[in-house]
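Trainee: Sequence:
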Amino acid sequence: MFTKALVPLDNTETSEGIIPLVTQLAQGLDMGVVLATAINPDHSPGALFDRIRGGMGGPPSPTAEAVSGPSQENAERDARSRLDELASGISQSGVSVESAVGFGPASETIIRMATDSDCDLIAMSTRGRGVLSSGLLGSVTYRTMHESPVPVLAVTPERAGRHRTAEGKFSTVIVPLDGSELAETALPYAVALCRGMDMEMVLLHVIPANESIYSDGNAGGQDASDSREEMDAMARMYLNGIVRRLEDEGLDARMSVHEGRPSTVITAVARGTEPSMIAMASHGRSGVSRLLMGSVAEAVVRESGEPVLMVRSHTAVVPGPAEVPRPA
1 MFTKALVPLD
11 NTETSEGIIP
21 LVTQLAQGLD
31 MGVVLATAIN
41 PDHSPGALFD
51 RIRGGMGGPP
61 SPTAEAVSGP
71 SQENAERDAR
81 SRLDELASGI
91 SQSGVSVESA
101 VGFGPASETI
111 IRMATDSDCD
121 LIAMSTRGRG
131 VLSSGLLGSV
141 TYRTMHESPV
151 PVLAVTPERA
161 GRHRTAEGKF
171 STVIVPLDGS
181 ELAETALPYA
191 VALCRGMDME
201 MVLLHVIPAN
211 ESIYSDGNAG
221 GQDASDSREE
231 MDAMARMYLN
241 GIVRRLEDEG
251 LDARMSVHEG
261 RPSTVITAVA
271 RGTEPSMIAM
281 ASHGRSGVSR
291 LLMGSVAEAV
301 VRESGEPVLM
311 VRSHTAVVPG
321 PAEVPRPA
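Under the working numbering, think of the first position of the sequence shown as 1, with each following residue one higher.
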């Protein structure tokens, strides 16, 4: 399922912090890697000078093209040089590595390069800024997650750096599920990770503390307690069915049910089972998308700092019978 990953870089130490994590994944999954840089010509000195002159009411600079051309060529040369240097280091780990430079707005170019290179994963840092990028990589990461037809793995460089040693090897993948088929679209990808990386899977269901479950408006007393217990029991029955299917497939799996704010609980569970990663669909029960993904998914990426594999629900693969564990 994961055969090649595109890794967007912008010539900063921050963006390159994800490399140890990607190397570990590539080794475990026998996955190729494409190191890539997106250069936006609109951010060249000549283009910037033109925009400034235009904003002041002046005509375009007659030297803009002359300034922009060499600048873009220099940026491309510097980018390729750095990518080749990084690729050389990664290849020493036995990983197949390529490099690519694209031109245009960052998120659009990243997705285009992933498609052109036949990548089925994009792995990127949530922060990073440099002259070769189109701006703050955090916002580019979120936009890429929203628009990418393939899963996107996002992580802060600080967390990614933990995977430089054997002690940082992933041991657990956490899959938040809310009972919907949309949320379950992350499962085939989590299964692939567990098989390739020899990880345990934790199926997590969070009962939102503020969820309205009372049709008559009564939100207190014994009815509230009974309803919570009923929701807990239903969640455990649902997750137990999936756990049994996973175990039948030879995977190590368990379930976990908590009550609270979903993103906070997911983050806490992930940090309590380090080194772990989170695999989740971009939107679940409602299926309603926002520009920056579903609200819970967005918050998990923003708050946890842990590696988060985000799968767009409506573009997920159609798994085979052995890939989708459904309750018996």
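These aren't lab readings, by the way, just hints derived from the structure by calculation. Take these hints with a grain of salt, some might be off.
[What the hints assert, rightly or not] Quick list of in silico lysine to any residue cross-link-like pairs, SDA-like style, CA-CA up to 25 Å:
hint	residue 1	residue 2
1	4	179
2	4	74
3	169	273
4	4	147
5	4	180
6	4	30
7	4	71
8	4	240
9	4	276
10	169	94
11	4	197
12	169	74
13	169	252
14	169	120
15	169	143
16	169	197
17	169	104
18	4	169
19	169	115
20	169	80
21	4	42
22	4	104
23	4	85
24	169	14
25	4	95
26	4	227
27	169	295
28	4	207
29	169	179
30	169	32
31	4	230
32	4	196
33	169	247
34	4	80
[Said to hold, decoys possible] Have a look at the derived ranges for each label pair, beta carbon to beta carbon:
hint	residue 1	residue 2	range
35	303	179	45 to 55 Å
36	268	180	46 to 56 Å
37	147	240	29 to 39 Å
38	91	303	13 to 23 Å
39	241	81	48 to 58 Å
40	117	229	45 to 55 Å
This one's a predicted model, so the numbers in the text were calculated from it and none came from an experiment. Idealized CB from N, CA, C, for every residue including glycine.
Trainee: The structure should be examined with respect to each hint, and the outcome stated for every one.
Mentor: So, going through the hints one by one against the coordinates:
no.: 1; hint: 4 x 179; verdict: 31 Å, violated
no.: 2; hint: 4 x 74; verdict: 28 Å, violated
no.: 3; hint: 169 x 273; verdict: 12 Å, holds
no.: 4; hint: 4 x 147; verdict: 19 Å, holds
no.: 5; hint: 4 x 180; verdict: 29 Å, violated
no.: 6; hint: 4 x 30; verdict: 9 Å, holds
no.: 7; hint: 4 x 71; verdict: 31 Å, violated
no.: 8; hint: 4 x 240; verdict: 33 Å, violated
no.: 9; hint: 4 x 276; verdict: 21 Å, holds
no.: 10; hint: 169 x 94; verdict: 17 Å, holds
no.: 11; hint: 4 x 197; verdict: 16 Å, holds
no.: 12; hint: 169 x 74; verdict: 38 Å, violated
no.: 13; hint: 169 x 252; verdict: 17 Å, holds
no.: 14; hint: 169 x 120; verdict: 22 Å, holds
no.: 15; hint: 169 x 143; verdict: 28 Å, violated
no.: 16; hint: 169 x 197; verdict: 9 Å, holds
no.: 17; hint: 169 x 104; verdict: 35 Å, violated
no.: 18; hint: 4 x 169; verdict: 20 Å, holds
no.: 19; hint: 169 x 115; verdict: 29 Å, violated
no.: 20; hint: 169 x 80; verdict: 30 Å, violated
no.: 21; hint: 4 x 42; verdict: 30 Å, violated
no.: 22; hint: 4 x 104; verdict: 22 Å, holds
no.: 23; hint: 4 x 85; verdict: 19 Å, holds
no.: 24; hint: 169 x 14; verdict: 21 Å, holds
no.: 25; hint: 4 x 95; verdict: 11 Å, holds
no.: 26; hint: 4 x 227; verdict: 46 Å, violated
no.: 27; hint: 169 x 295; verdict: 29 Å, violated
no.: 28; hint: 4 x 207; verdict: 36 Å, violated
no.: 29; hint: 169 x 179; verdict: 30 Å, violated
no.: 30; hint: 169 x 32; verdict: 19 Å, holds
no.: 31; hint: 4 x 230; verdict: 44 Å, violated
no.: 32; hint: 4 x 196; verdict: 14 Å, holds
no.: 33; hint: 169 x 247; verdict: 22 Å, holds
no.: 34; hint: 4 x 80; verdict: 19 Å, holds
no.: 35; hint: 303 x 179: 45 to 55 Å; verdict: 23 Å, violated
no.: 36; hint: 268 x 180: 46 to 56 Å; verdict: 22 Å, violated
no.: 37; hint: 147 x 240: 29 to 39 Å; verdict: 36 Å, holds
no.: 38; hint: 91 x 303: 13 to 23 Å; verdict: 35 Å, violated
no.: 39; hint: 241 x 81: 48 to 58 Å; verdict: 53 Å, holds
no.: 40; hint: 117 x 229: 45 to 55 Å; verdict: 51 Å, holds
In terms of the numbered hints stated before, the structure departs from hints 1, 2, 5, 7, 8, 12, 15, 17, 19, 20, 21, 26, 27, 28, 29, 31, 35, 36, 38, listed from lowest to highest.
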